[in-house]
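Protein chains in written order, with the numbering used here: chain A, 2 to 1137; chain B, 738 to 824.
There's no promise every hint is true.
Stated by the list, open to error - Pair by pair, the computed Cβ-Cβ distance ranges are:
no.: 1; chain 1: A; residue 1: A543; chain 2: B; residue 2: Q786; range: 39 to 47 Å
no.: 2; chain 1: B; residue 1: Q786; chain 2: A; residue 2: D674; range: 37 to 45 Å
no.: 3; chain 1: A; residue 1: G95; chain 2: B; residue 2: Q786; range: 17 to 25 Å
no.: 4; chain 1: B; residue 1: Q781; chain 2: A; residue 2: G873; range: 15 to 23 Å
no.: 5; chain 1: B; residue 1: Q781; chain 2: A; residue 2: Q1039; range: 54 to 62 Å
I should point out that these hints are in silico values taken from the structure, not numbers from a laboratory. Since we're looking at a predicted model, the values are computed, not measured. Beta carbons are placed, not taken as given, at the ideal position from N, Cα and C, and that holds for glycine.
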Amino acid sequence: MRTRQGMFLAWMMSLSLPALAADKPQKLAQLEKITVGPYDNFQSAVSDDESVIYFTRSQNLSSQIMRYDMKTGQIRAMTTADTDAKNPALSPNGKELAFTYYRRDAKGDICLLDGDEILCVTGPGAAEHSPFWVDNETLAFVRSNDAGTQSKLIFLTVKSKKTDLVIEGTLYNPSLAKDGRTLVYKGKGNELVLFDIKSRQPIRTLNLKLAGSTGPAQFSVDGQSLYFAQYMLDSNRDLRIDGRDAAAIFRIAADGSKKDPEQLTSLNQNCSYPFPTARVLYMTCAFEGALDVYRTSLTGIVPTEWTKDDLWEAHRAARSYSDRILLLNHLQARFQAISERELMERTLSNFILWGEWLPAAFYAESLSQAADDYKVHKILLDTYANWVALPRKENLGAFAQKLDRQRGQLESLPASPLQKVALGYMDLFANRQREARARAEKIESDDGLTLYWLTLLINLSAEKNSDQYRLTLEKRLLNRDLSEETRLYYLSRWFEQLKPGTDPTAAVDGLKAKVGQDILIADLLEHEKQLYRVVAAANRDATRQEMRAIVERIKRLKDDYYGMRLLFNRGMIVLYQAKKSRELSTIMSLWLTYVKKDTKEYPFAIEALRQNSLDLAYRFYHSDNPQEKPLANGAFMDSIRTSDDLESHYQYALLHFGNWGELETAYKSMQQDGLIRAESRMFVELMRKILLQPEKADKGDLEDAAEQLDRMRDDHVGVGTRYLFQGYLYHRLMLMTEKDFTFDRDLSDKAHRAYLFAIDAGWNNDRIKSSAYQNLGLLHSSIRNYSLAAEFYLRRNEMNYPAVEMKQAVLWLQAKAMYKSYRFAEASQAIEEALKTQPKNLLPFHEKAAFYAWNAQNYELAADHYTRLMAGLGDKAKASLWLSQGYVQGKLKRTAEAEQSLQKAVTLAKQEKPTRTEGVSLVYQPIKVQFVALGLLARLQLTITKKMSAIQERLAMFPGIMEQAKTLHFQEETLSAQQIKETQDLARWQLEAGQKKEAMGTLEQSLRLTQEHGTSFGHLAHTVFVSLKNLMILIRDQKLEPSATMVATLDKTLENAQKEFAEERNPAAEVRAKWTEVQLIALAFRLRQDPGRQKNFADRSQSILTQESVQFLEKEKPAIYAGLQGYREALAQSLR
Amino acid sequence: MRRLVMITVLSAFLGTACVPDVYLIDRQTVLELEASGEWQELDQAYQKQALNPGPQPLESTSDLVETRQIFGMTHSDLEKKPAPKSK
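Looking at chain B on its own, in the form it has when it is part of the complex (with noise of 0.2 Å):
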């Protein structure tokens, strides 16, 4: 369905549909091409920014100190009997 909305778009604004029959350039790219500005450069530069060797240095993540299982605290599993033997 998207595809046929896309084509109808195409359509429209081209007068034409444009078809990968030579290249295999998908009609997104050559669309954004004609209709688009450039900023190769930056996009290249994003794409550069983008790529991590290693773990992003995250202030913050999700995992939240206080709600680590690490610092929790247990209820006895035998309140009524004496507490189990510890070493």
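Next up, chain A with everything else stripped away, as it sits in the complex (with noise of 0.2 Å):
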């Protein structure tokens, strides 16, 4: 079976495709991308042999300009991240570099790049921007006031930092020419003013009537064109459209003699800042996800060779109104096919059917000088523009006072269809849906643009009565004054408000006698019908039937292009939403047996093969008949033969590298066809020298299949696919050299760049940017930049997965970066996801979940995995799994729990061994298990006796910890910190016990301590003030006498103490102010059985607040100064 499939595929194939290569292009140019995001990249300066590329790139909200080498490919930025720079200029010899700068003014600055350092030849106070160079010693920009709305041009010779002013007004983007004196400016709305800067005087102005905002201009390296970029959507809808919209590249005339500027890229591309050199038209565009740098030829996406009739076809077969609009321009600029007023109106048309109002108000208003009714356009464009843009469309404010402007306006006109579906818009935008539904229901027109905008009004109207939304596209499709392209559109509309796989006959059966002699109309209807009888057919016979029709319907309607286009579209949607993979294939083959090669639509029919093939195989791969499996072979093969893809080429290798001999074959007699590349040969030949096997794969194997992937063409169809497959190489590379925490930083730089270039060439394709995403997230976890990893994770989980496992390991990945960049709860949800799946082995999930959970701060959740965890676990749970356990337990206050939980730790930890783990230096220490869950149990609220024993037994331990701070990972002066507090905690619970003997002891013990501390770390540490001051009040508050050897010991630590602050050169507010606390209580301490004890506490306390260093404080830090008078006043008051 799977042997018949492929080869009636195939035979179709080698019936249509002879060989790849063609004599004249079928479709609109690519254009070449340059450079790669995620960032944005744009604003390309490029020099003269076109080997470098400057450009800005904007990240993290800042930009810099970065430096692209196109031989080497290396990327350097030339500025750093701290400051945004923009707007790079090469001068003419290409050794100096100029940007706007924003350092040392927030407006910008001029600077240029001098060796390393960035020097600025401007200073801070005025907007400086927009630089460019007249010769190598002269360099231009722009001074603009606050507004922008006032510019200086400005020239200075950079050595002698003389400055010329040279055009004072309305100026925008300045630009020269080769010529070195022909300069380009923006000035009012949308003229271009050229200038001689030699004899100062204006040359001419360029008014161009376009749409939108004219953006950056630039002159050709011959000065004989100006390419510029224009605006023209409102992309981001907030009604205006400027240089934050999306724009299109035109190339006008300088000389003036052609008043028409030419179209080169169309509007859903987006680009803008042309750069042209000598050969070809650099620019930025942003179609992919991001802005990056692109070129393509001087002339633009539209093929020079096409002819009238060549732009026509593309015209029709366009599938954008995006790209009609470009093709229009082009029949009109270069032959003049159309008139200035059919371009316009056709372009109102194209711009009103994808829903851009704004432009379609310009040429609304353009025409509107030859009919009312493009006033009543205008004026509906305009207020629907604005509706649009209305957050939660109530009719208030400022937006009600215009609708009623207009709805007056629109009464002013005579009356006529479309100025009362005008009306009809205005009830709709004020929210009187029924009112305009009513309008709406008796108008009628022969006018094809009013009836379009009257169906969409009753769709909007309609609310949940589709009915009469249907009955509208069914007038329409009926109307036969419509043309066919028209008429079948709204058959396509009125397909889709069928329910996806339920039986359509009675609905096309009610139209259909409607119907009457349109032949067409009944056929597609027909055509429906058994589409769905092939969906439900019981059996191979009954199928067979249902196809046959098929076919032969196929064979009536073969010249009728749109009604063809149709008839496949349909039958590509309703089988693939059907799941019938084989019958879609047939369709899929007839579809490319009937359209010519040689035609416009050619291109469009192999890329939808390519994609349904694609979707095909991939079926058959997941399909659960077992007989239906190995058909994938077949589909990828299809895809193989129609575009040479690399996806279906990598599929279709991993599938065979267990009958290599068959592979070689059918690509031996593929490449002899012409239908597949040499390059094609070689990429699947190293994927089984790579994949088949791939830890025998060694560096050297490595490298070699990576160079060679270096050297395939970029037009591939399909390239992310080999983009992948050498980030996999790099990122493998990067691993083997990894050695602890080292790793070669460029290798993991070209991995990235690899998968990031993947990304954008599979910008619509979810199979190659899942992998991209995923080993990137791998990529950067492996080198331990977690913030980044953790990013590319939670872009990855934003796609279905191939299985469940995989879905566990992305999320159970994704859960550790984000636990490892701080994002707790996120890490905790990632985790819970994947649980929701149900791995095979539950209990790593909960272990992770929990102790996510409890990082989270979630300690229920926390306590809830603990559970089930340690019922999974039983006796094999380990002493650190009991101390998690207790502490979220005693979070909690579940303190019986958290205690059994702890004395289990302990009593593991006793009996556990330290492990190596991960890495040189990570050993897993039973020692601090028990340490930390001693603490821990001394903590919670249980009986004195119960915390002084585990109190006693972490404070036996400090000695042994101490000894291996380092392998334990603590820091020693915290540790000693940690051992004096716990020390004067013990003291204090042996108080409550009433052992005041072994209590004094203790306190002793703390002091020794106490003293070592400052020895090792300094007398005036945090440690050693709170400490005495602890010791004294609690020796003064519970009477207690201190020994002889005591009182020596705290006063020889009062004196080093006293010692070292005298040799503090300039000692920080809080440690004098700490020092000042530590000798008004050693004083109350002293004076504690004096009898005179208040007045003498009075008089020498206040000798201490009058010291000098205090004094400082009370002239800089005023808040502190009193804090330490109120302490005074404490302490005077406990001494009564």
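Using the hints, put the two standalone chains together into the complex.
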């Protein structure tokens, strides 16, 4: 069966695909990508020999100037990320780089790169920007007022710093021709002003009759043409068309001989910042997710070989209104095939059909002198744009006022169907759907565009009543006055109303009864029913019978372009939705058979076929039917034969690792027939070499393969797959060189870059993107760049998974990256999501879920997971897990449970041995678990006896713990401080338990430790101050009698502190305050048994506060000083 | 802030802070080692499993067939006048 299927398709393909190359291109040229995201890369400046490109990169809200070496592929930042920089401008000799820089002036300065230094040639105060070079010594730039409305063009001789004001007024984006004297800048409105800098006189002004706003312009190298960006769409729906909206590149004769500019790129490519070199046009475009630098021919993406007929044919086959606008421009600019008015009318229609109201309003305005209906259009488009931008669609405030004005204007115009439709829209915008609907029902028109508006109005005002909309669609598709293209457009919308997978017979028959003699519509309706019968067919014979009828219909309609297009579209969609894979492949093959290779439809058919072959192949691949699974081979092969797609090569080769002979024979034949490139064969051979036994591929194999892939062409269909494989090779090479915590940065950069290229090339391909994001997550986790890894995993998780096991793996890794980048709640969420997929072994997931949950302070959730985990592990649970559970239970105040868990941790830890885990330096240390568990036990609300027992056991461990502090990842100073604090805690508890003598001994021990701490870490340490204060307060409050030795030790420690304080040059305010407090408490401590203690304390403490060091606080830190006075008062009170 | 919170948690939990003063180990790794279970084999297996040399064989993607522009039908841009000549 597999062979039959494959052979049938192969035979079909071979009929129509003798070779890939064709004499004349049948589709618009593709843009060649130069830079790669995920950051925005824009504003290119290219060296004359095109070896180096400077551009602006925007990432993390900061923009930098980057240098891209086109020969080596190396990119480096020329400015640092801490200061914004943009507008790179390269001097004519390519040696100097100027740019706008924002370090000293938030408004912008003009600066130069001087070796590694940045030399600014303007100063703070005014906004200086848009630099360009007049010659190698003279730099030009614009100085603007704050609003940017008035500007001065200034020339500056770099060496002498001499400046020259050249122009003053409204000017934007100036640039100079290669002749060094003709300047172009954008003036008012959409004017491009040409200016002679030698004579200081304007040459001419080019008024551009284009919608939107004119952007940066550049002369061609020969100075004969001007390339400029025209922002034409209101992409961000802010009701303004400006530099933040979508643009296309245009070209116009600089001598003013032609008034109509030629459009070079399609608006849906969103290109601006043109930079023509002698050979090609560089620019910045944004249609693949981020802004990037691209290039294309100097004549743009419409092939220059195309005749008028080619352009009309491409216009008919175009799938986007954006491409139609581009093609109409060429029909007019190159062949004058349509009048200026027709161009405007058609452009207006395309913008309306595209839903781009603001540019449409421009053309309606331009046509408004010709007919009143264009005035109606203008009002309607303008109001519609405002309504779309309205967040909650409430008829209030400024919008309500505008609506009233617009309605008034509409009512003042002569009544016409379009005017009535527009008034219906005013009702709709005022949230009066019922009135809008009632008005719409009465309107009749014979104008196609009015009917389009009316249909849309009925759809928008129908609310939940879709019948009215469906009936309207029926009226349109049955309207014989409309063109076939438009009627089939409405029929396709009518088909969209059918619920996928349900029997359409009743609905179709209802419509068919109204069709009458319209054979085409009747045939297409019958086709829809037949497709459903194929879907519902009970057996092979029934399917075959229906498919035969479909083939007959195709034969009948083969000369009807729009009929065939809709027929195939429906076949592809319905059969795909119903998972009728084999029948779908038959339809696909038929389409290709009936589309001629030398037509503009052919590239669309090929692309549709490639996409559907792949979809189909993956359907077979995942099929539950074991007979269908092998059909994936045939479907991948179909895609290969159709388009030489690398993704299909990859999957086909993977399926043939065990049967390589068959693959080789097929590839040899396809290469001979010109169906695939030689590099496709090389690609699959490299795949086999590396992936057949991945663990056996050595460094040399990987390097060799990466080098060979580097030689592949970028215009290969499915090039994302090649970049993915190349990234994988660099990634593995990087892992090979990784040792402990070092790795080869160059290899990780190469892998990162290749994956990003894969994402860009596969921007609409989840299969490539999912792998690339996943690999990027792994790459950055392995080099401990967890924040970035977490971001990549998050993006990966937005897509589907090939199998649930993969989802579990990715979520596990994602949670880890989240945890390591301090995103605990998200780590917890990720692992919870993984748990929902029911992993085979639940325990690791419960353990991680518990751990991440307690890090996220979700202790209830953590406790729940620990309960399940411990139940699952039984006796196998290690001390560390009991410790974690005890900690969580303690947090939840479940004291008895916590005590039990922590005691278990202590007991088990005593039995466990240290175990090496990850890397060179990580060893699981049970002694630390025991130590920590005892600390936690001492903090629980237990009896004093239990607390004392725990803390005594822990204090006994301190000497040993201190000895191996580094191994245990403890800081010695912190350990020492902790020991002092806990010793004093013990003393307090002993006092509470009435063990006064033991308490004195413990306090004496804490003083000894404090003295040692001072010797090791300085007597001005916070710990020393706190310990001394606590000690003296405790002795005084509890009326204890310290021994002479103890008093001597205390005096000695205070003396050492005094000495160190005196040696301190400029102690911090906090140190001054703490030392003053210690002095005050020491005074109170010494006077505690003095009968005249109150007076003596008052006198002597005053002298403490008058010390120079304290006086400093009074002046500089009055709040701290006031605090000290308060402290003194409190001590004085306590002495009464 | 997050870091501070973590330090607090560590201090409360471990009774001290651990610092990477000798080895370049982040504190999260150390904490995970000490407080968490060991699933090294699983972790490594997942890393190996997740590294993909090529596109993932997803059965369905966000690029739905019925919404593909390639299968869209267009409305004529000049209804009032004769349709453009097509070859």
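(message) Which constraints among the numbered hints does this structure fail? Numbers only, ascending.
(response) 3
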